[in-house]
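Asker: Please put together the full structure from these sequences, using the hints given.
Chains as they are written, first to last, in numbering that gives the first Met the number 0: chain A, 0 to 407; chain B, 0 to 172.
Just so you know, the hints here were simulated from the structure itself, not pulled from any lab data. Take the hints with a grain of salt, since some may be wrong.
What the hints assert, rightly or not - Each pair of labels, with its calculated beta carbon distance range:
# : chain 1 : residue 1 : chain 2 : residue 2 : range
1 : A       : Glu189    : B       : Glu125    : 33 to 43 angstroms
2 : B       : Ser136    : A       : Ser23     : 38 to 48 angstroms
3 : A       : Ser229    : B       : Thr122    : 34 to 44 angstroms
4 : A       : Lys269    : B       : Gln82     : 40 to 50 angstroms
5 : B       : Glu125    : A       : Leu141    : 42 to 52 angstroms
Just so we're clear, the structure is a prediction, and the values are computed from it rather than from any experiment. Even glycine gets a Cβ: it sits at the ideal position worked out from N, Cα and C.
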Amino acid sequence: MSEGKAVIRPEDRLSRAVSGIRPSAIRRFFDLANEMRGQVISLSIGEPDFVTPWPISEQGIYSLEQGRTHYSANTGVIELREAISAYIERRFGLVYSARDEVVVTVGGSEAIDASIRALVNPGDEVLIPEPAFVAYKACAQLAGAVPVPISLSPATDFRLTATELEAAITERTRLLIMAYPNNPTGAVLEDHDLEAIAAVLERHPEVTVVSDELYAELTYRPAVFRSIASYPGMQERTVVIGGFSKAFAMTGWRIGYALGPAAIIAAMNKIHQYVIMCAPTTAQYAAIAALEDAETHIAPMRSEYNRRRRVLLHGLRQLGLPCFEPLGAFYAFPDIRQTGLGSGEFCERLLQEEYVAVIPGGAFGSCGEGFIRISYAAALENIEEALRRIARFLGKPAPDLTRPAVDA
Amino acid sequence: MIENQNASPEQDALRTELLDLLRRELRPDTARLALLLGTPESEVKAELERLEAEGIILGYGATVDETRLNGETVTGLIELRVQPQRDRGFDRIAQRIYRFPQVQSCYLMSGDYDLLITVEGRTLREVAEFVSERIASSESVLSTRTHFILKTYKESGRILFDSDEDQREVMVL
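Answerer: See below:
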């Protein structure tokens with residue numbers, strides 16, 4: 000390097016948007032957990048522990064054998080878009096045209112990014128009810144928007160209320176991200192919650208909704224899933240994001256979709272065609288097989304999650320950790336404030352002392368502090384053993400998991 | 000599933016899930032077993048654990064009469080001639096076939112054909128469609144011959160045809 004020339008470090012070459020995304024505050028905890036891989040019971044994983052049902056995988060393999068190894072149409076093969084459209088109508092009563100109101104994406108993740116980018120201008124405010132999946136904030140920042148967290152309250156089981164929403168809307172608000180059933184809390188919205196939210200939004204027509212419904216199929220009775228898009232006036236201002244990862248145990252296939260008004264889907268497809276071209280063709284054919292027999296594939300997994308959910312909740316209550324009943328996704332979000340430990344410290348010590356990995360609630364937004372996310376996408380024996388270890392960690396007797404609770 | 004005419008959807012759902020659990024979740028009552036065996040319960044538990052660890056007991060489940068539960072089903076025996084693969088022989092194609100939940104059993108055979116599988120379905124058509132769409136379409140499958148079972152006299156050592164009523168008088172001194 001010649002003298003006198005300024006030395007520019009590689010990190011100084013980065014865009015402000017990327018530099019502005021701060022690494023997770025619990026990075027150190029993740030590193031520690033990964034180092035202990037193999038020795039820990041992990042209830043920290045946000046993906047199904049099931050393998051993709053064989054008839055779905057086999058259809059993907061068959062498509063390869065048939066030489067379907069090329070790009071597909073940008074928005075996805077028409078057979079898949081038709082299958083998605085039919086499934087969404089049959090299952091959730093929403094009508095979308097396979098021709099121009101559906102785009103098949105690389106998982107729900109790409110749909111989150113593309114929808115935010117298609118809908119915001121620099122400086123626009125994006126409302127993100129927290130605790131929240133970490134991607135929304137980052138995607139909003141990358142799009143130049145201003146993420147505005149709505150700190151939800153444990154008093155309302157971390158469900159977005161009309162009052163909280165109304166209070167957060169300003170004249171710069173352009174987007175509301177909704178994600179129910181929720182990661183990390185497992186909360187679902189009831190009909191009356193959604194009705195009240197729709198009523199607030201009716202007064203603010205400039206706000207568009209991105210509704211991340213990846214966990215819709217993992218809703219447990221008595222809760223019934225309803226999309227915000229099914230409320231009067233909402234479908235034309237909502238982008239619904241769905242996917243195959245959670246419901247069909249297809250995370251590695253990277254396949255999801257977005258549904259919305261033709262103009263918004265066309266805008267998202269502009270981003271999609273330049274950045275991605277098309278979702279993986281093999282995964283698209285596998286996804287068609289998934290939807291052909293959707294309930295047959297989903298029902299056994301949903302039942303299994305539900306059993307684990309009941310055992311976990313039952314155990315947590317015996318340990319005296321307050322936890323509202325999570326009626327969706329595969330997470331519970333118990334309150335650990337009584338231990339006097341911060342969620343990061345709680346998780347780190349639980350990992351080091353009892354070899355159980357769970358995620359500090361603070362990782363999902365500041366209002367998640369004092370809570371932990373426990374994933375029950377794990378074998379029942381592991382959940383039971385983890386509960387015994389957490390009991391020991393708390394200095395409490397092991398929970399009796401053989402008898403139902405009195406209030407069950 | 001044959002639905003009980005008078006049952007609500009909730010009852011049907013409960014029945015389905017209950018059976019699903021009972022097929023694999025029947026824990027033995029060790030206290031009662033100890034009484035019957037005249038052995039301390041701790042020893043019974045230890046022996047059960049050994050039997051499980053040695054892989055002799057594979058699970059605890061209710062025996063369900065699937066016909067009564069699901070109605071009449073049809074079973075096809077399908078002979079497959081397949082193209083063995085280099086280094087892997089027949090195992091890989093067999094695996095691809097037996098992983099389908101519709102396939103109840105799968106054998107490698109000596110003789111005129113290679114694999115014999117049994118496929119269960121609700122109707123002849125369902126079995127035939129599964130075979131033509133998911134099995135015969137595979138590139139490694141050279142040909143298939145499907146035979147439908149018309150009547151089962153004996154299965155897994157159990158005679159299904161005779162009546163097994165108690166033939167004795169009600170009272171014999």
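Asker: Could you run down the list of hints and mark each one as holding or not?
Answerer: Each hint tested on the structure:
1. A:Glu189 with B:Glu125: 33 to 43 angstroms: With Cβ atoms ~39 angstroms apart, the hint holds.
2. B:Ser136 with A:Ser23: 38 to 48 angstroms: holds (47 angstroms)
3. A:Ser229 with B:Thr122: 34 to 44 angstroms: Because 36 angstroms falls inside the window, the suggested range holds.
4. A:Lys269 with B:Gln82: 40 to 50 angstroms: holds (46 angstroms)
5. B:Glu125 with A:Leu141: 42 to 52 angstroms: holds (49 angstroms)
Hint violations for this structure: none, all hints satisfied.
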